[in-house]
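Colleague: Quick note, the sequences are listed as chains V and H, same order.
If you read the first sequence in our numbering, its first letter stands for residue 29, the second for the next number, and so on.
If you read the second sequence in our numbering, its first letter stands for residue 47, the second for the next number, and so on.
Hints were generated in silico from the structure; no laboratory data involved.
A hint or two may mislead.
Said to hold, decoys possible - Subject to a maximum C-alpha distance of 20 Å in a straight line, what follows is the list of computed SDA-like cross-link-like pairs (lysine to any residue):
#1 H:Lys48 to H:Leu97
#2 V:Lys109 to V:Arg246
#3 V:Lys87 to V:Gln283
#4 H:Lys163 to V:Arg36
#5 H:Lys163 to V:Trp32
#6 H:Lys163 to V:Met29
#7 H:Lys48 to H:Lys163
#8 H:Lys163 to H:Ser186
#9 V:Lys109 to V:Thr122
Just so you know, these numbers come straight off a predicted model, no measurement behind them.
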Amino acid sequence: MNVWITLRNLRVRAGATFLTVLAVALAVATALVVPMITRSAQRGAADAAQVFDLLVTPKGSSTQAVLSSLFYLQAPLGNLKYATYERLARDPRTRRAVPIGLGDNYAGFPIVGTTSAFFDQRMKPTQPPYFRVARGRIFGAPNEAVLGAGVAARAGLGVGGSFRSEHGMFEVAGAEHEEHEGEYRVVGVLAPTGGPVDRAVLVGMESIWSSHGQFAPRSRGVTAVLYTATNLGDLYSVAQGLNASADAQAVFPGQVFAQVRGVLEQGEAAYAALSVLVLILAALTVWLSVYAASVERARGVSLLRALGARRGTVFSVVLLETGVTVLAGILLGVGLALLVGWGAGALLGGRLGFSLPSPSLDPSLLLRAAALFPLGLLAALPPAVRAARQSPLEFL
Amino acid sequence: MKVETRGLRVRHSPEVDLRYPDLSVGSGEHVVVVGPSGSGKTTLLHLVPGLLVPQGGEVLVGGRRIDTLSEGERDAYRATSVGIVFQDFHLMPGYGALDNVVLGLGLAGVRGGAAVKRAREVLTDLGLGARLSHPPRRLSTGERQRVALARAVAHRPALLLADEPTAHLDPSRASDAVALLRSTAASIGATLVVVSHDPAVVSGFDSRVRVGARPDEVSA
Numbered sequence: 029m030n031v032w033i034t035l036r037n038l039r040v041r042a043g044a045t046f047l048t049v050l051a052v053a054l055a056v057a058t059a060l061v062v063p064m065i066t067r068s069a070q071r072g073a074a075d076a077a078q079v080f081d082l083l084v085t086p087k088g089s090s091t092q093a094v095l096s097s098l099f100y101l102q103a104p105l106g107n108l109k110y111a112t113y114e115r116l117a118r119d120p121r122t123r124r125a126v127p128i129g130l131g132d133n134y135a136g137f138p139i140v141g142t143t144s145a146f147f148d149q150r151m152k153p154t155q156p157p158y159f160r161v162a163r164g165r166i167f168g169a170p171n172e173a174v175l176g177a178g179v180a181a182r183a184g185l186g187v188g189g190s191f192r193s194e195h196g197m198f199e200v201a202g203a204e205h206e207e208h209e210g211e212y213r214v215v216g217v218l219a220p221t222g223g224p225v226d227r228a229v230l231v232g233m234e235s236i237w238s239s240h241g242q243f244a245p246r247s248r249g250v251t252a253v254l255y256t257a258t259n260l261g262d263l264y265s266v267a268q269g270l271n272a273s274a275d276a277q278a279v280f281p282g283q284v285f286a287q288v289r290g291v292l293e294q295g296e297a298a299y300a301a302l303s304v305l306v307l308i309l310a311a312l313t314v315w316l317s318v319y320a321a322s323v324e325r326a327r328g329v330s331l332l333r334a335l336g337a338r339r340g341t342v343f344s345v346v347l348l349e350t351g352v353t354v355l356a357g358i359l360l361g362v363g364l365a366l367l368v369g370w371g372a373g374a375l376l377g378g379r380l381g382f383s384l385p386s387p388s389l390d391p392s393l394l395l396r397a398a399a400l401f402p403l404g405l406l407a408a409l410p411p412a413v414r415a416a417r418q419s420p421l422e423f424l
Numbered sequence: 047m048k049v050e051t052r053g054l055r056v057r058h059s060p061e062v063d064l065r066y067p068d069l070s071v072g073s074g075e076h077v078v079v080v081g082p083s084g085s086g087k088t089t090l091l092h093l094v095p096g097l098l099v100p101q102g103g104e105v106l107v108g109g110r111r112i113d114t115l116s117e118g119e120r121d122a123y124r125a126t127s128v129g130i131v132f133q134d135f136h137l138m139p140g141y142g143a144l145d146n147v148v149l150g151l152g153l154a155g156v157r158g159g160a161a162v163k164r165a166r167e168v169l170t171d172l173g174l175g176a177r178l179s180h181p182p183r184r185l186s187t188g189e190r191q192r193v194a195l196a197r198a199v200a201h202r203p204a205l206l207l208a209d210e211p212t213a214h215l216d217p218s219r220a221s222d223a224v225a226l227l228r229s230t231a232a233s234i235g236a237t238l239v240v241v242s243h244d245p246a247v248v249s250g251f252d253s254r255v256r257v258g259a260r261p262d263e264v265s266a
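I would like the entire structure built from these sequences, with the hints used as guidance.
Modeller: What follows is the structure in structure tokens.
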């Protein structure tokens, strides 16, 4: 009966109830959406870097190294000598050394020169290869290309199709397109991974060299090497050796992510403080609506008591009304945050070059939103006690 | 259900000290309590259902002392055994006619589909079948009174109380309202106590109880 009365009362004050639910929902969504997206972005970024141990690039900013050679988002630092790659590939401590050559694009999608070793990369040595050819095969002959899943979908190209590459890693809006002579033929399409390779075109290193006129072995270079050692000890000794050398550096992507995460977390801490303020504002809105309703409620309470409702009944009805309102607001807010997080994640992922995992709410975030519930009930407690103490004759 | 009072005394303030004559209303009997404004008629109507506890004397309903019950017991007694038609009707604002009646039934312990079915029957019997979802503000005064009557009788109380049932009606409808009250009370076998100073109401009853012109001068 208490629930029935509660729902009827909320319906009678539908306008005020709706506004309170909306205020709570917006506050909850505001408090949740940014941390949800940053956490999801961090997870997405970390996934893309787990198929190798070390990124070897020319000396320079480690962040730029990761953003260019791993996410294809910035211009590369320059070229490593081909000999540096060969030395790494021959090193007995090496499990796998995958060269990366950047510099061209097709319709804005970066063309990544590499070797067949690229397709042998795995999350763990015991796991199957990370990149799987969904249709066709990997490239063999010069001018053969394998498309990332996103490229195939968006450019409408499939196995057997062909295209010309353009100079430059990115497509510059308004600039004149400088097409290369040779034509690439699509021989394979990769299964989607959610990572940056989804929007890359993979070709043999030789194709890159020949399109840039680097025919002589001494003139050849690579942008970066994705390096995996046979064991952890070897990994650090290889990294030390590279960092001591004149032209190369070893970048641990995890360390770069940790730095970026540090910056993000500072921003997130400031945002968390702001969102606490927003939640307090929502709690105040609940308090306000509870008090605004109390005069109107007093008549109803008197009447209920006169009809035989016990003190406990009117007490729990007042608490339930607020509880239901706040709970509905929290649930709507969480839904709204997931929806906005999903949309913003897709947008952000598109720009960053990797798919953000679906936003999820970890317990700490849920706790932040759920804190509103006891705050709301606390607001309802004084009017509930007053209702319970009210005489049935007070308003009759 | 028989209603008796003995030596009832209610002191609202040093100036208003109401003393009532002993009353005895037989089970199923219909009685009107008459007297001028301020004579304590409405207070008597609050004493019988336990809304007010007297400073002295006894209220017995069906042989049971009401004034000595705990508050929770009085609530339960009021919800199950008494139906009240208030002077201003006091319908729940915003609740439709049906919901107002279902509310009374729910407090009396009749829940769910049974309550809805019973509420619908009673409202239809009172000519409100087409007004079930109308909130009080969309009902005429007469309709509001009939919804209040439906709420008071739907749970078949043994005692039906009505405070100035014609106060908001034009004189031509007064006798109809009294007849409806009496016939509805008779249909459920309830004892009916009506408080009124309206001659049109008073003339509709054979049994009358008079309370005095001055608050301290109450007489039978």
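Colleague: Check the structure against each numbered hint from earlier and tell me which ones fail, lowest number first.
Modeller: Hints 7 and 8 not satisfied by this model.
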